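Enquirer: When you get a sec, could you build the whole thing from the sequences and use the hints?
There are 2 protein chains.
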Amino acid sequence: MVTFSDSDHFWKGGQTLKVPMELFKENRQRLCEILRCHRTLPPDSFVLLQGGKSEMRYCSDHEPLFRQESYFHWAFGVIEPDFYGAINVQNNESILFIPRLPPSYVAWMGKIKETDEFKKIYHVDHVYYADELEKVFSDLVGASKLILVLNGLNTDSGTESKAAHFDGIEKFHVDKTTLHPVISECRVLKTDLELNVMRYTNKMSSEAHKFVMLNIKDGMYEYELESLFQYYCHRYGAMRHMSYTCICATGENPAVLHYGHAGAPNDRRLTANDMCLFDMGGEYCCYASDITCSFPVSGTFTKEQRIIYEAVLDANRQVMKSVQPNVSWIDMHLLAERTQLEHLKLAGLVQGDIEEMMDTRLGAIFMPHGLGHMLGIDTHDVGGYLEPHTRSTLPGLKSLRTNRLLKERMCLTIEPGIYFNQALLNDAYKNEQLSKFLNKTEIDKYLHIGGVRIEDNIFITKDGCELLTKVPRTCEEIEEWMKNNKKQSNDNVDYE
Amino acid sequence: MVTFSDSDHFWKGGQTLKVPMELFKENRQRLCEILRCHRTLPPDSFVLLQGGKSEMRYCSDHEPLFRQESYFHWAFGVIEPDFYGAINVQNNESILFIPRLPPSYVAWMGKIKETDEFKKIYHVDHVYYADELEKVFSDLVGASKLILVLNGLNTDSGTESKAAHFDGIEKFHVDKTTLHPVISECRVLKTDLELNVMRYTNKMSSEAHKFVMLNIKDGMYEYELESLFQYYCHRYGAMRHMSYTCICATGENPAVLHYGHAGAPNDRRLTANDMCLFDMGGEYCCYASDITCSFPVSGTFTKEQRIIYEAVLDANRQVMKSVQPNVSWIDMHLLAERTQLEHLKLAGLVQGDIEEMMDTRLGAIFMPHGLGHMLGIDTHDVGGYLEPHTRSTLPGLKSLRTNRLLKERMCLTIEPGIYFNQALLNDAYKNEQLSKFLNKTEIDKYLHIGGVRIEDNIFITKDGCELLTKVPRTCEEIEEWMKNNKKQSNDNVDYE
Ligand SMILES: [Mn+2]
Ligand SMILES: [Mn+2]
Chain L
1 MVTFSDSDHF WKGGQTLKVP MELFKENRQR LCEILRCHRT LPPDSFVLLQ
51 GGKSEMRYCS DHEPLFRQES YFHWAFGVIE PDFYGAINVQ NNESILFIPR
101 LPPSYVAWMG KIKETDEFKK IYHVDHVYYA DELEKVFSDL VGASKLILVL
151 NGLNTDSGTE SKAAHFDGIE KFHVDKTTLH PVISECRVLK TDLELNVMRY
201 TNKMSSEAHK FVMLNIKDGM YEYELESLFQ YYCHRYGAMR HMSYTCICAT
251 GENPAVLHYG HAGAPNDRRL TANDMCLFDM GGEYCCYASD ITCSFPVSGT
301 FTKEQRIIYE AVLDANRQVM KSVQPNVSWI DMHLLAERTQ LEHLKLAGLV
351 QGDIEEMMDT RLGAIFMPHG LGHMLGIDTH DVGGYLEPHT RSTLPGLKSL
401 RTNRLLKERM CLTIEPGIYF NQALLNDAYK NEQLSKFLNK TEIDKYLHIG
451 GVRIEDNIFI TKDGCELLTK VPRTCEEIEE WMKNNKKQSN DNVDYE
Chain V
1001 MVTFSDSDHF WKGGQTLKVP MELFKENRQR LCEILRCHRT LPPDSFVLLQ
1051 GGKSEMRYCS DHEPLFRQES YFHWAFGVIE PDFYGAINVQ NNESILFIPR
1101 LPPSYVAWMG KIKETDEFKK IYHVDHVYYA DELEKVFSDL VGASKLILVL
1151 NGLNTDSGTE SKAAHFDGIE KFHVDKTTLH PVISECRVLK TDLELNVMRY
1201 TNKMSSEAHK FVMLNIKDGM YEYELESLFQ YYCHRYGAMR HMSYTCICAT
1251 GENPAVLHYG HAGAPNDRRL TANDMCLFDM GGEYCCYASD ITCSFPVSGT
1301 FTKEQRIIYE AVLDANRQVM KSVQPNVSWI DMHLLAERTQ LEHLKLAGLV
1351 QGDIEEMMDT RLGAIFMPHG LGHMLGIDTH DVGGYLEPHT RSTLPGLKSL
1401 RTNRLLKERM CLTIEPGIYF NQALLNDAYK NEQLSKFLNK TEIDKYLHIG
1451 GVRIEDNIFI TKDGCELLTK VPRTCEEIEE WMKNNKKQSN DNVDYE
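Chains L and V, in that order, are what the protein sequence lines are. Here my numbering is used: position 494 in the first sequence is 494, and no number is missing along the way. Here my numbering is used: position 245 in the second sequence is 1245, and no number is missing along the way.
Worth flagging that the hints you see were computed from the coordinates, not collected in a lab. Bear in mind that the values here come from a model prediction, so they are computed numbers and not experimental data. Heads up, the beta-carbon is just placed ideally off N, CA and C, and yes, glycines get one too. Each statement offered as a hint is correct.
Simulated restraints, written as ranges between beta carbons of each label pair:
#1 L/Lys470 to V/Lys1430: 54 to 60 Å
#2 L/Met358 to V/Gly1158: 57 to 63 Å
#3 V/Asp1125 to L/Glu134: 52 to 58 Å
Expert: Here it is as structure tokens:
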């Protein structure tokens, strides 16, 4: 806490990034500016957000490490649980409501900070206790007594955000519909200060991927690579949380898009001929990175590995060259798909007319997921679908997490991939419309690859994009970097 | 999954521990044996447990890495979410109810396993789908239609376990009171198979602590040591989860017992004269370890550091020599406290009559927490207080997580400590009854130490205990081990 509370920064010391609290103040201002343009909203409205709560694992005494709720983090940057935050729409004034801690806190959890300390740490205008919410609101809100709370649907997970609640809130006029679309749209467009954090998480996570590539060896288990990645992110990037569960897929496992979960926990043993698909990213100050590197364990691509890898890389780079404001993300998905199919045709895995393949959605057999998604405080960041939701029902396209036209200041992933999923291929072989395109004999030669994904994080600029991810990407760059793997043995993290 | 589903073991390959599914079968048998002795229970009763659920972080699309609910794990050892499990009390027959997964699972999460595969993996008698719960129970339960579900209080956290529920359960007779005390008491006494897992988690976590001691350097941040510990546990022990949030306290931070949480996230920079108090443990197959090592950053104890350290170690060893079945844990707490006060008196920090100090509960100023706790699938394992709960209200003693007589096969921590918590000391200086014992001038010389805790994990045997923790413990052992720190520079995990 010393490094943190001494200043108005989120900072972990040394070479880690200083994130000024100004970032969150600016977010609040942006929100209020838009809300003030809402003609139907009375000027004396307040926004009320409830922060994440401290929780126990089921009925145990185990408290998982707290991570702030994302909307609350966006608005206040508070690292502790059990806060509320309010914003006066008229003048951007901010209020934090902090939990009243028991005296025993001082022995178990640390110094009890006073309201004035929190005011300084989080750069807000007022700080009260959470048990004063009703009283403070009674004093503050004007004739309209309007409180805007967050309530709306996450279009990726289908979960509904739970509106802030305090005892006595029923005395006020509570608006549950206005806030969610407005604040979500604010989150879609990143400020320079936010971009800076995402540059940092990408830089450190890129370095961690490179570190994994240096230390990989035939005979290791997938989870060892996960441990190396997390170690690097945490030690050198002060990224205590990963953005999402690490996917360390080798052999045929890359064909499973979300491999690595509790039921498939990165526990396969690597063999020398494997391709790796490592989808891992750390978060700092609750801002995510989401990077996938695919490469051979051996450090040298086989002919088949290279063919698939270069097909995916071409798709990735074609999209990267094409993105700019007003470009449709659906078009980008189709561009990636078409590029990959062209490569597969050239290599003889598919045959026939490319446009016909596109029409039958053949591409979704090889790439069942969407091209990419919004990235920010959540890995699958909010705002992918504007109301009314109009998600496609077509294979591949229905998996897109956004169907929008790109805008300057969006952050997204570009993550095309080609996968050899036995179950999906078997379905396709049985499908009259699809099977005619598929050359099973050739495809069978590639099954052992499992799949390749190349995932970069980008920021949309006025006329293109900034690439945030900095890892070896071409086959040549990867082979060159992994040469160092062999030289490394005395200088790596082995300890046995 | 290959290493796991190929056999009836939980195993992570290589040198990691093979945990036979027999462990959970034996647990179920133990439970049924005791339930069958319940005279009021009809013989055709069934136990029903609901496993942990897959969850989203608030309203996001972020799914935290699943960790099984502890009672369910104890009975079935299932690693996946959204299961139910039932046991026929009469004949120990076991049934798993698995979630019916959507066809899209195969592309996103992996191969969909059939009921027969799960039967083999988890060594149970029958497997059905969770949507068949009502039907299966209608067919199975006899005239009594009695289903025993879990409902009861966790005496450490005050949280209540949520009874298993499925649509249609209201048609059956549901008993919410019988199961909780019985299964909790079963969890208190560890079988040989469980002991073996706890030996393993202790061995690997001990090695990880030693690894941290080898790599510590003046100028590092506390979280770097956390990253090193987790890395070692994960890579070499396949311990993907920590048993609890790592406490990496240096400087004055050791005085805060649960330092390291989100509000005090291990972010202080180490200086050469610091003592470290590192309370960290990994879990394997959901069995915990909970180890605290205290040592100087420099690798050499100062006079003051040694005085406090040896006081705590003496308390730890006195208790370790005294534990055996039928010994009272309260007596052990008092023994530790008395031992520590004697050392503090010898060193001049306190003065006066020891018995009088004990009567005023002076010891709780220096050791506000309890001597130790049950250890098992949870770090603070269940069963600390038998009904009716009779927790002491006296300082120190009220923090004890158990007040029981020891029994053979209990697993516990022994973790005495001496802390210099400014706020607690200031309160004591103002307290007439306590201040007369305190020599402020001497105590002030020790404030910079923050605190020392020495935490070992033990298994109660017929006539004593087995020490599971294997780390350097005496000052001499620590100094000897840390000498290797200096020699290490070319062979450690540094990478810059
Ligand atoms: Mn992604
Ligand atoms: Mn403990």
